[in-house]
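Protein chains in written order, with numbering that gives the first Met the number 0: chain A, 0 to 326; chain B, 0 to 326.
Be careful, since some hints might not be right.
Any copy will do: because identical chains look the same in the list, a pair fits if it lies in one copy or spans two.
Stated by the list, open to error - Capping the alpha-carbon separation at 25 angstroms, the derived lysine to aspartate or glutamate pairs in DMTMM-like fashion look like this:
| # | residue 1 | residue 2 |
| --- | --- | --- |
| 1 | 58 | 41 |
| 2 | 104 | 115 |
| 3 | 219 | 322 |
| 4 | 58 | 24 |
| 5 | 25 | 285 |
| 6 | 33 | 4 |
| 7 | 36 | 24 |
| 8 | 317 | 222 |
| 9 | 36 | 304 |
Because the hints were derived from the structure by calculation, they are not lab data. Treat the numbers as computed from the prediction; the structure is a model and nothing was measured.
What follows is the residue order along each chain.
Protein chains: 2
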Amino acid sequence: MNIYDIAKRSGVSIATVSRVLNGSEKVSPKTREKVLKVMQEEGYTPNIFARGLGLNSIKMIGILCTDVSDIFYAKAVSLVEGLLRQNGFDALLCCTGNELENKKKSLDLLLKKRVDAVILIGSAFKENTDNSHIENAAKQVPVIIINGLVELPNTYCVLCDEQSAVSQNVQLLHKQGYDDILYLYDVLTYSGCIKISGYKDGLKKCNLPFQETLMVKVPKSIDGVTAKVTELLGEGLKFSAVMASEDLLAIGALKALQKFNLTMPVIGFNNSILAQCSSPALTTVDNMLDTLCPTAVQLLVDILENKTVPQKIVISSKLIERDTFPI
Amino acid sequence: MNIYDIAKRSGVSIATVSRVLNGSEKVSPKTREKVLKVMQEEGYTPNIFARGLGLNSIKMIGILCTDVSDIFYAKAVSLVEGLLRQNGFDALLCCTGNELENKKKSLDLLLKKRVDAVILIGSAFKENTDNSHIENAAKQVPVIIINGLVELPNTYCVLCDEQSAVSQNVQLLHKQGYDDILYLYDVLTYSGCIKISGYKDGLKKCNLPFQETLMVKVPKSIDGVTAKVTELLGEGLKFSAVMASEDLLAIGALKALQKFNLTMPVIGFNNSILAQCSSPALTTVDNMLDTLCPTAVQLLVDILENKTVPQKIVISSKLIERDTFPI
Chain A
0 MNIYDIAKRS GVSIATVSRV LNGSEKVSPK TREKVLKVMQ EEGYTPNIFA
50 RGLGLNSIKM IGILCTDVSD IFYAKAVSLV EGLLRQNGFD ALLCCTGNEL
100 ENKKKSLDLL LKKRVDAVIL IGSAFKENTD NSHIENAAKQ VPVIIINGLV
150 ELPNTYCVLC DEQSAVSQNV QLLHKQGYDD ILYLYDVLTY SGCIKISGYK
200 DGLKKCNLPF QETLMVKVPK SIDGVTAKVT ELLGEGLKFS AVMASEDLLA
250 IGALKALQKF NLTMPVIGFN NSILAQCSSP ALTTVDNMLD TLCPTAVQLL
300 VDILENKTVP QKIVISSKLI ERDTFPI
Chain B
0 MNIYDIAKRS GVSIATVSRV LNGSEKVSPK TREKVLKVMQ EEGYTPNIFA
50 RGLGLNSIKM IGILCTDVSD IFYAKAVSLV EGLLRQNGFD ALLCCTGNEL
100 ENKKKSLDLL LKKRVDAVIL IGSAFKENTD NSHIENAAKQ VPVIIINGLV
150 ELPNTYCVLC DEQSAVSQNV QLLHKQGYDD ILYLYDVLTY SGCIKISGYK
200 DGLKKCNLPF QETLMVKVPK SIDGVTAKVT ELLGEGLKFS AVMASEDLLA
250 IGALKALQKF NLTMPVIGFN NSILAQCSSP ALTTVDNMLD TLCPTAVQLL
300 VDILENKTVP QKIVISSKLI ERDTFPI
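Please build the complete structure, drawing on both the sequences and the hints.
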């Protein structure tokens, strides 16, 4: 919804809408009311004060994340918010949940607030089927995606090479004689899928067969994972190491192993504070949020200053060695 | 800074400022420029569009928290943001860090954005010496504090009775024969202090002496706490149970105990996901964020609708029993 749409829907000229926006007294009260009503209905709120000051920007960036209570997203939001503020931008935060409908609604809402750009945190914003909402948003403002990949015009991605990370871990385990690797995941976001292809790639590079039974979907809760892995062990599933798509899942598995007095390599993902909390402490992949976030904010600043920037920046991950898999 | 101040500083009448704000063409370009310059210098950005629509509110709430990467604050921000949105409000998030100067600056910034109200998350916003910034903010908009207590006009607090929680835990431990209770804390925020008085109150109720050596300040990191408690155990400090002001610290202590093969009750605070990650899982106090946040948002909605509301709502905590202290 832009000024042209408002004019069309109000049945007046663009000049009239502009006059209303500028508070001109040349517009009749009746017309004024009609135009304002359409704007209100459409949620159209241009920051005319900023325009009055001759500024092109309201210095506000929309941040979308599915769930800021998730420890990984929380860290990203915290880093991004601080960095934006250092650069003179405010952060308007929207938590969307995983429903596509809500993601669309939240994105719409940010755009109606006339933010200068949108930062999407996490790969949960790349849908497998329909990314038209991101495409539409990018027609209005630059869209930056942290740790997700959507290749569209005016969309910029800063991400960690999670596929290689997982593949390398499989190879590392193989080198030490661990070939039957249980892989746990919870959701098939872009990141979730890319890690699975890393797992398969690693097996392939080691000439190991992919075993359907060793790739297991689990709920995103410690107790849920513990219950699931306990069940698998009870059923006699054989594996010699565990990898998980995030720390929480790895810790749930670790607790199940402890119940059976089993010791084997366990590798998490994200290098969250959770990895330090478990006993033994969890070996995990650092997906470099501390680098991704400053890189993304710098990219954004450069874009808004009309500098030429890359559309995609990929950073390598790092394996953090702790007690569950001493290398 | 309001319209009167702008008029005064610009050397024009209030009517002139008002005309500038309304985009009237009766103001000379020179005067207009002068007034806009003062407004820009002062960061005065009234939401004139909202006013133009006859709305008194821009439907935006400022959220201040010291650090959204903290797991407890992250959960609170997540809950509050979702609830605000359900009520038709946007959330403008500011993370301040612990420096008073930054807290003041962030609060100022939110007020200049003309938010409808401010929600302060966590007791870190109550200073021991100077709360004038909160007092000033509350002169402009309602201030809601979640889990902190500042008694000032137009300031509303929703908090958990953490003092009783800690006191009751001391009494519970005493009943089971644990009298030398190591108490670990990291910061002396309002919440930090209130928990310490709970510890002292509990000892008093059990006729136990307060021992200076058993109240220990530790860094807010797992490794830091583990090192400190290891050091204390190495020095021969005797204690038969551990309580901590938050889960992270309790887990750090637990790891030190494990190094010495010691088993004793350990009680955390916050009932965060960390408590579930530790092995054995941590018994901890739930300070009822799931109740505090909806209560706070409802309070805010009621305030903005000019309903009569209490200035202080106190909710009881709940002890969540897990493996480190089966009751």
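(message) Of the numbered hints stated earlier in the document, which are not met by this structure?
(response) 4 and 5
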